[in-house]
Amino acid sequence: MAKLLAVTIVVIAIASAIPIVAHMWPMPQDISTHGHLIDEQYADTMLEAGISFLASQLLLAFFIWKFSNPKPGDKVKSFPGGAAGLVIAAFLLVGTECLALGVFGAKAWASVYFTPPAADAVPVQVQAGQFAFYFRYPGPDGTFGPLHADQINEANANFYGLDTTHDQDSKDDIVTAEMAIPVNREIHLLMHSKDVGHSFYVPELRVQQDFVPGLDVALHFTATKVGKYEIVCTQLCGLGHYNMKAYLEVKSQEDYDSWIKQQAALQ
Amino acid sequence: MATTVHEPPKIDLDRLPSQGSGNGGWRNLTPANGDLRQLKDSSPPPASTGIWVGLAAITMSFAAFTSALIVRQGAAQDWRHFTLPPVLYLNTLVIVASSVTLELARRQIAAFMGGLRDEGTDKAQAANPARWLYITLFLGLLFVAGQTFAWMQLKSQGFGLATNVSYSFFYVLTVAHAFHVFGGLGGLVRVIVKLNKSVLRRSTLVATSRYWHFMGVLWLYLLLLLWMKL
Amino acid sequence: MHDMSAHAVHHGAPTSFIRKHVFSLDHKVIGKQYYALALVAALLGMFLSWLMRIHLGFGSFAIPGLHLLSSTGAPGNVMTPEYYLQLMTMHGTIMVFFVLTTAPFAAFGNFFLPIQTGAEDMPFPHFNMMSFWVTFAAFLPIVASFFLSDGPTLGGWTQYAPLSAIGSAGGPGEGLGVVLWATSIGLFCIGQLLGSLNFITTTLDMRCKGMSLMRLPLTAWAWFLTSVMGLAAFAVLMPATILLILDHVAGTSFFVASNLVINDHLLPHSGGSTLLWQHLFWFFGHPEVYIAIVPGMGIVSHILITNMRRPMLSHRVLLYSMAALVVLSYMVYGHHMFVSGMNPVSSLAFSFPTLVITIPSTIIVLIWLGSLYGSKLRINSASLFSLGFVSMFISGGVSGFFLAQPSIDIMLHATYFVVGHFHLVMGVAAMFGIFAGTYFWFPKMTGRMMNETLGKVHFWMSFVGAYCIFMPFHYLGIAGNVRRYQAFTDDYLIPLIPVHKFITVAALFTGVAQLIFLYNLIHSRFKGEIAPNDNPWQGTSLEWSTATPPPHNNFGDKMPVVYHDPYQYSVEGASTDYIMQTSPENVHSPDEEK
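Just so you know, the protein sequences line up as chains F, B and L, in that order. Its first residue numbered 1, the first sequence is counted upward by one per residue in our numbering. Its first residue numbered 1, the second sequence is counted upward by one per residue in our numbering. Its first residue numbered 1, the third sequence is counted upward by one per residue in our numbering.
The calculated lysine to aspartate or glutamate pairs, modelled on EDC-like cross-linking and capped at a C-alpha distance of 16 Å, are: (1) K228(F) x D491(L); (2) K228(F) x D490(L); (3) K75(F) x D577(L); (4) K75(F) x E572(L); (5) K77(F) x D591(L); (6) K107(F) x D44(F).
What the hints contain is simulated information worked out from the structure, not anything from laboratory work.
Work the whole structure out from these sequences, hints included.
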């Protein structure tokens with residue numbers, strides 16, 4: 001039975017690795033400027049994790065195979081180098097790996113969070129609420145009008161609680177149910193939650209960020225490929241959480257400009 | 001359960017109550033000469049170790065409340081400062097006094113139980129050894145009454161739990177503390193009962209005293225925190 | 001002579017049924033009570049997981065009889081979206097608290113810690129009894145919440161604010177359901193604190209003659225370290241649940257910010273901090289997962305040593321590594337909050353200790369592997385589950401490597417990758433530790449052996465089945481499959497549904513294996529083969545020197561005296577391949593503590 005266990009472990013280890021190596025369910029394509037840093041990090045980690053995983057499982061299997069069902073005369077042997085060797089190996093191998101991944105990983109993280117948005121980034125606001133995302137563009141004046149929570153009225157499609165009668169800046173704001181952005185231009189995304197916790201996740205954009213009720217969070221990114229992608233909510237927000245999504249369309253500059261004009265006309 | 005007549009505990013005259021509980025929980029880990037075959041039989045009374053464990057847990061809980069206060073205060077601009085009800089300072093004196101009376105009680109009990117004979121204290125020895133315990137108990141109850149007065153006073157002025165987050169924390173911290181003081185009062189009652197039945201163990205008294213003193217220290221900390229932050 | 005037992009609260013053997021089996025002061029009975037509670041909880045939690053998996057794999061499938069569980073939650077026997085979340089929340093809460101904290105720590109620890117230290121009982125038997133009944137009482141609000149008209153809370157076992165704090169405006173189950181949840185967890189914390197009190201004082205103060213700390217078996221150390229972790233962790237969670245309840249019932253705003261609007265109504269709260277709940281919860285939550293796994297590490301080490309007939313390659317290194325895990329576990333909790341909106345500098349700060357914690361974990365695995373080398377491994381149900389634990393811990397640990405890095409977490413946070421990771425380490429490895437301990441200690445606890453054939457069937461089905469369930473979770477996560485979804489309606493998720501069907505089948509298959517275990521457990525209790533002697537595995541630690549099952553005061557008339565380290569197996573010059581700790585035989589291995 002020990003040998004069967006050893007073989008099973010080997011089979012499981014190899015079978016587990018196959019879908020990864022064969023890219024059977026790969027990460028969605030990267031359409032962002034910063035994503036390659038994340039993907040490199042991921043690939044490095046997969047290599048190291050994969051080797052550690054396979055090596056330890058195979059070693060486990062091998063030792064189970066070799067040292068089970070002992071015969072009466074067998075003597076117990078100590079692993080060569082004893083514990084000291086293993087501890088040193090752990091510190092050196094794992095320690096350097098951790099250091100490397102931590103230090104290099106900081107670069108990828110910094111590219112998302114420690115760089116300020118470009119001066120000409122396109123400002124877009126996203127509001128998350130049970131169970132939909134709504135987007136707001138500042139319009140020609142370039143400023144977002146103030147939000148009035150007490151004036152939110154879903155029935156009248158006033159999702160943001162804008163007071164277009166009294167607030168000058170709100171008059172030209174454009175509110176949409178779909179997000180469209182121009183390709184190859186940095187977007188400055190301002191994230192606001194209407195009610196509970198939500199999260200903004202677009203796998204292709206290599207972006208995931210929680211909304212924090214009471215704290216507006218800002219994010220910036222640049223999309224590099226025209227297309228239609230999905231924004232999904234990843235923070236449990238209630239019974240409609242599974243369905244809470246919006247489409248993100250990355251358009252050419254011209255298409256985006258005409259889309260904005262269209263949306264402005266619909267306000 | 002043991003119902004034997006209580007024998008006076010062997011008191012180590014070099015180790016009065018003020019000098020710690022005895023063997024201590026940490027000294028029997030390995031003997032100094034390394035020979036484990038010589039390990040002593042004696043071990044620290046579990047109540048002594050146990051009370052430190054309990055106090056550690058209580059400390060962590062109030063640390064959690066403290067960090068909640070600090071984070072919450074920094075999260076929004078809605079913190080309304082207010083002056084602490086003056087009765088709190090009186091209550092502080094009361095609880096500090098109760099620690100003093102508890103220490104007096106411990107010495108009196110030690111004298112009663114250990115046969116420390118001193119010509120001048122014969123008269124004191126004839127007195128009920130639980131007397132100072134009763135006084136401590138009374139002061140503890142007075143403290144809780146005083147806290148209740150503070151809460152009622154605020155309430156009557158219209159400042160309830162939800163009036164403002166500063167009040168929320170005030171009530172939460174002081175009520176949580178008072179709740180634990182109640183536990184301490186229970187411990188004191190238990191000590192009095194056991195003493196009157198002559199089955200009080202020294203470790204029980206030590207553990208209870210530690211707890212009670214901790215309630216005083218905790219209150220001083222909370223008062224400072226509230227005074228600084230509220 | 002100043003006898004150790006003078007410190008134990010001398011409670012004579014109970015006579016009435018109530019005192020013997022219900023309100024018992026005996027740590028062994030309390031341990032069995034905890035085991036029974038964990039067993040009931042595990043069955044309930046597993047049943048919930050079946051319902052969840054059937055719904056996820058075969059969404060529109062009408063599960064026969066489900067409307068009996070809840071007519072609003074499953075009209076026509078098809079689960080509503082909210083009911084899925086409610087069952088999911090109960091599944092997580094029940095499993096994490098009432099199974100994974102209860103069985104490896106409270107159940108086995110209560111039964112065996114005083115025996116392994118050489119004590120008659122724990123020093124505070126009344127607190128110990130209270131700890132079980134408070135934990136039992138904590139289970140009741142969870143069960144009760146199933147019967148609420150709008151069902152139990154649906155916010156996940158993590159109950160993030162403000163959803164958890166705003167009351168029924170948040171959705172079904174978010175009113176009284178949350179209050180019941182918070183009450184349950186608050187009570188649970190108290191029960192565990194009372195338990196920690198006893199475990200710590202037993203380990204430090206109730207050791208018999210000759211039992212130094214370094215002579216304690218690894219299980220005793222694991223329980224001690226776990227109880228220390230629990231002390232700080234549960235003592236922080238309880239205040240958090242109190243603040244949550246106050247936000248619900250008293251109109252406070254600890255966790256609910258201003259200007260929040262649901263259904264066009266402005267919520268009355270103001271100024272609360274969303275992230276505060278997460279900080280408090282995860283300060284508890286991370287040590288909690290080590291509380292779930294460390295006893296299992298101790299149990300599995302203990303069982304492997306007995307079945308390898310040799311001590312660990314280095315007992316001290318293993319011990320220090322477990323202690324390092326305990327210390328580091330408090331420094332890493334922010335890795336659950338990388339993309340939460342907390343300061344991104346903090347995220348980086350937390351990622352470093354999270355990566356560093358890989359080191360003691362790796363050392364522990366390498367010590368296990370290195371100890372297998374040159375050993376004389378015996379295969380039985382207990383050792384199979386122990387070896388399975390090692391494999392599962394490797395798999396689950398390796399995926400942690402990805403999640404420890406904030407930049408990669410951007411992609412994997414809140415996906416099935418995380419769910420796969422924690423199920424492998426908690427749902428499988430920790431469970432395997434419980435199974436291993438059961439097969440191993442069953443003879444000592446009951447005087448009978450469990451059926452080995454059924455045990456092996458249980459192992460094989462569980463080992464293969466669990467990998468079939470949880471390995472695919474990682475692939476799903478990499479592909480971006482979001483967690484806590486009751487159905488997969490997004491364009492990019494629809495192609496992944498066939499994987500979910502496969503997982504569901506594997507889950508039901510693995511579930512059947514657990515029923516085999518249940519049958520084995522109950523049948524063996526009454527009809528199992530009588531244990532051949534007091535020490536059927538030829539073990540060395542003190543539990544094997546007691547009668548079977550141990551008498552009320554564990555050791556009868558004579559308290560044990562310990563002359564040896566805990567794992568003196570295959571010692572040169574000894575008369576047998578094991579020297580019991582109590583053996584007066586004056587043979588010692590070269591590296592034995594003198």
